[in-house]
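K.L.:
Residues per chain, in single letters:
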Amino acid sequence: MTLAALGARVSRAGSGRGWPLFAFIVAALVAVPVLVVLLSVFAPATEVWSHLVDTVLGRYLENTFWLVVGVGLSTLVTGTVTAWLVTTCRFPGRRIFEIALLLPLAVPSYAIAFTYAGLFDFAGPVQSGLRELFGWSRQDYWFPPIHSTFGAFLVMGLVLYPYVYLLARAAFLEQSVCVLEASRVLGRSAWQSFVQVALPLARPAIVTGVALALMEALSDFGAVDFLAVDTFTTGIFRTWFGLGDPQSAAQLSAMLLAVVFVILALERYSRGQAKYFHTTTRYRPLPGYQLNGWRRVLAILACALPVTFGFLLPGGQLLVWAIRTAPQMVDASFVRLAWNSVALAAVAAAVAVAIATTLAYAARLRPSRPMTLSTRLASIGYAVPGSVLAVGVLVPFAWVDNRIDDWAREVLGISTGLILSGTLFALIFAYVVRFLAVSFNTAEAGLAKVTPSIDGAARTLGAGPRETLRRVHVPMIGGSLITAGLLVFVDVMKELPATLIMRPFNFNTLAVRAYELAHDERLADSASAVLAIVLVGIVPVYLLSRAIAGARPGSSS
Amino acid sequence: MVRARWWLSLAGAVLSLPLAANAAEVNVYSARQEALIKPQLELFTAQTGIKVNLITAGDDALIERLKSEGRNSPADVLLTADVGRMGRAVEQQLLQPIRSAALERLIPEIYRDPDGLWFGLSVRARPIFYNKAKVKPEELSTYDALTDAKWKGRLLVRSSTHVYNQSLVASMIAHSGVAAAEKWAKGFADNLARKPQGGDGDQLLALAAGEGDVALANTYYFGRMLASEAGDQRTVAAKIGLFWPDQQGRGVHVNVSTGAVARHAPNREQAIRFLEYLASDDAQRVYAEVVHEFPIRQGIAPSSIVAGFGTFKADTVALKQLTVHNAEAVRIFDRVGWR
Amino acid sequence: MTLAFEAVSHSYGDKSAVADFSLTVGTGEVVCLVGPSGCGKSSVLRLAAGLEALQRGRILIDGEAAAENQGVNLPPEARRIGLVFQDYALFPHLSVIENVCFGLGRRSGAEDRRRATSLLDRLGLAGYAERYPHALSGGEQQRVALARALAPNPRIMLLDEPFSGLDIQLRDRVRDEALALLKEAGSPVLLVTHDPQEAMRMADRVAVMREGSLVQVASPATIYGRPFNAFVAAFFGAVNRFAGAVTGGTVETPIGRFVCPPGTASAEVVVRCSGVTVLPATAAIAAGVQAQVVVSKSVGPFSVVDAQVIGSEASVRAHIPGNTPPAPGEHVQLSTDPAQTFIFPQ
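Just so you know, the sequences run in chain order F, W and P. Each number in the numbering used here corresponds to the 1-based position in the first sequence with 267 added. Each number in the numbering used here corresponds to the 1-based position in the second sequence with 3 added. Each number in the numbering used here corresponds to the 1-based position in the third sequence with 56 added.
For reference, chain F alone in the conformation it holds in the complex (with noise of 0.2 angstroms):
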């Protein structure tokens, strides 16, 4: 066995002991909200459970499935078919669209939704302007049906292909052009290469995006609550207050759970099928195919398709509603909730990448089967509905700060009240909770690019645990932490059911502004607060693309 093989194992020895020990704390107090919610699995099951598996168990499943299935295929066609066009074709705009096919991102599902039933249902402007134009009336024409499934998954795959897009991108910018050369000289066309080569080196990039997707998509709420569709998500939270069965609920979450496991242990697998690492270290520009004739008709239209229907659609409407309300919408306290918004998102984001990197880190050093677990664990809570989730943060917080007090009160004659409950800390907790798979999975593909041995070289050199993850591991993935920092602050600004159930008192954030008129049916005077998540979450969106593209091997010199 090589040395370079054996180090697979990386270190076993030495002082990284205390720093394993701290990373799973910290992976176990973050896998907490999760437990609460699953340990209910436990209790004996109520009497509702009889009721819901004879009415309406089987239609959430239903939608459910096919919520998954949908938002599968169609975040994984869209996602890569673009990030190929974009890295290796050359045609007019191509440029343009390399960031533009990401700003799908920055729009909150609940508000696609929305402006999409707005424009699309029957008393929408697109089915009364059919009707005034042809006369017709509702029994004389059929229009797909906007409050349903499909437009459901249709309208999420509009703003969750962009992590497909993301992570297959930078997929195809680290393949060496030497493989793809050999390729083509084995005598396969540019197509043929793509999907014979391309395709299955990106593949873990793109069934990890595609995991994103779906948790994002079994957890939400909002949009299939505009839509119409009763998923399981839906019917958590309809068991946990409708019906008032925490229990019930919370075993119907712990379900939802166990498609996760089956989507993550996928993904895993996948990923532990191709540990590839780079045989080249070689880079030339990638060879840009020049698209002409109908080839670029038809890549243009690729491109712009979910660009316009995820972006420029919905910011359209949203924009029209703006300029109308915003005489009446915008004032001196927007701009403290845009503050409160991107403060918030930024020390989430902050946090959030600290906290994976550690795990991340603490993986590679000392691998054991509770380290993994509880990293599982911990990054669980993405596909896990906000508001389960929140009250999964709550619960504990509230326990412990309710236990001091009682010291307290025994000990010291005194109260401490609620020491953390309802403070941000709390709340960046539930954040963190909530995204820390998104900023994990970026931190630990980014690591995993790093052969064992340059943890080696390091470490003999004289560098601690903790100086070696500082001066060398952050700076080679740099890149891949800036990416995960910026989905952090992306997904935190658009957060809403733990903000709004966990906040302090008098907190406002734009997200929640949005919800709260929305929720009162006054969509277009939400639309100044949800345009301005959108503009913020811009911002980002501009700096991954640039992060993306800077990450290929050798261009920075």
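Hints in this document: simulated from the structure, not taken from any laboratory. Take the hints with a grain of salt, since some may be wrong.
Simulated restraints, written as ranges between beta carbons of each label pair [what the hints assert, rightly or not]: (1) W:179 / F:802: 51 to 61 angstroms; (2) P:278 / F:454: 55 to 65 angstroms; (3) W:252 / F:320: 30 to 40 angstroms; (4) F:715 / P:78: 29 to 39 angstroms; (5) F:733 / P:191: 26 to 36 angstroms; (6) F:308 / P:78: 50 to 60 angstroms; (7) F:457 / P:191: 28 to 38 angstroms; (8) P:194 / F:536: 32 to 42 angstroms; (9) F:562 / W:137: 49 to 59 angstroms; (10) P:191 / F:716: 12 to 22 angstroms; (11) F:320 / W:117: 32 to 42 angstroms; (12) W:50 / F:733: 50 to 60 angstroms; (13) P:169 / F:733: 55 to 65 angstroms.
Since the model is a prediction, treat every value here as computed from it, not as a measurement. Ideal placement from N, C-alpha and C gives every residue a C-beta, glycine not left out.
Starting from the known structure of chain F, arrange chains W and P on it as the hints suggest.
P.N.:
Below, chains W and P without anything else, positioned relative to chain F:
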């Protein structure tokens, strides 16, 4: 390094928390949106000098938060959009009974809890709306009549996940039992023009556009449409008629927004004063004028728009019944396939 | 300065990698650890570096325990050792000079930079200080890795297959440069390689490993001239191996009869291919064996001849000088050089 920053951010976050429980403060957990309640809070502070700290969220979420916080909860007042959810807070012993001469004098008995656990604050009715071009008011009579086969494919309503529909069916359970309520829900669901979707305002839009002929919705949304500065909203409203059902019988169903004092309220006095304020003439006028609701009390004139709806006989079923039958109502919806 | 292993054993799960391994490398000494793939030699290096936690035994650096059973276990950064990796493991985000200065402390001052620069000069990398690793050739990367490992004046140097990534011409030159530099530094050097020629060429002593255990530790001359067993003999050059029963103090093989030490029942005779002499069938030699050439081929410096012994199934391979070997079919006479013939009792 990373760890040091982590602790710094922790300290920052903890220090940034607003120091609750000052002398002249009241902490409100509100399921009514900030935009709806803000005018009330500002007026209250102006009148009393008591500062109001506000968190808004869904009623269920607020109840969960209250429950988890336990005896150290900073919450003084809980406000909900409909009484249906107050039952959950009562069940979990999150409220405390209040004796207030003012509240008892101002709020009619049917609109408050017999034990003083919660108080009704404003009323929105849930009548029948119809497309004037397609339905004559003479064709309408009661909620029950909408289950007739002649309405097949013509009814519009929102999802049963919303508490407004749950309270409606809960009132039917209270009046005529589970079987009758289920029969009604089944008959109604069978006559739907489309699967339940959107909010109450969306039902009115669909009604005006002709997707259905008759809708159940809350007067608040209709009032807002009529008052809108946007011309298209008023055009929509002009196509819609309002019909008060069951005027010969039990009366039209009403949604009552409610307030309560939290069990462990640190500012109990201020909380009671806040509820008393919400029942006062000034506050009731705000409900009437700004948010197009009916005052909870006789003697306060509704807004001109709301007055235009005409007078009606409201269902007098004890509100407490709605809280009791809430969960059963949800089961009925599940059974009849009204999503 | 010394590096010592005392009865070190290590296993991965239930698979033993190193068993009862004891070895001392002295000041200024270069010891090459050789053995086939999977023999555990890399594990020994990782244990010395502290990249693997010691399970049993003791590792001493300068007489101090660096790792001892479940007791002391200095982390790699505390051992002050230099390690050169097979894949060099240069930090891609740092320039050449920054790579070399990495081990010289957090803030490398002018003094450190001077030292790093002079090391680079010595290794023929004078103009490369500001370049980044991806812009270097394999040989250049290898030399940077060596400079980086040497820069902090390590107490011992460990090298893992350091030259295997280089092409042959480059390998010889880099190897000589490296050896000179290592000798000059004077720390004990433990070098792992699978290439016996490289080991012979660089080592003061060669340590041969097989299946986790040391088989023989000796100077290159001894290893080659007096191998401990057939495995060692075969590892350092092509051989012919014949086994047979001992009768009357001798063992009979197709290539002749050999005297065995007293008391052996059976023995294996190992004859280096270079120790087989091929003469025309007509030459009169007492101990000669008649054979017929089956295959013959010149490989440049010498020729390879496979011949079948007449009256036997056995085939014998000989490496003979010159590039005009006897043609296939030709009858020849084979004899053996006693200095290259080893008899191991079985």
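K.L.:
Check the structure against each numbered hint from earlier and tell me which ones fail, lowest number first.
P.N.:
Hint 13 alone not satisfied by this model.
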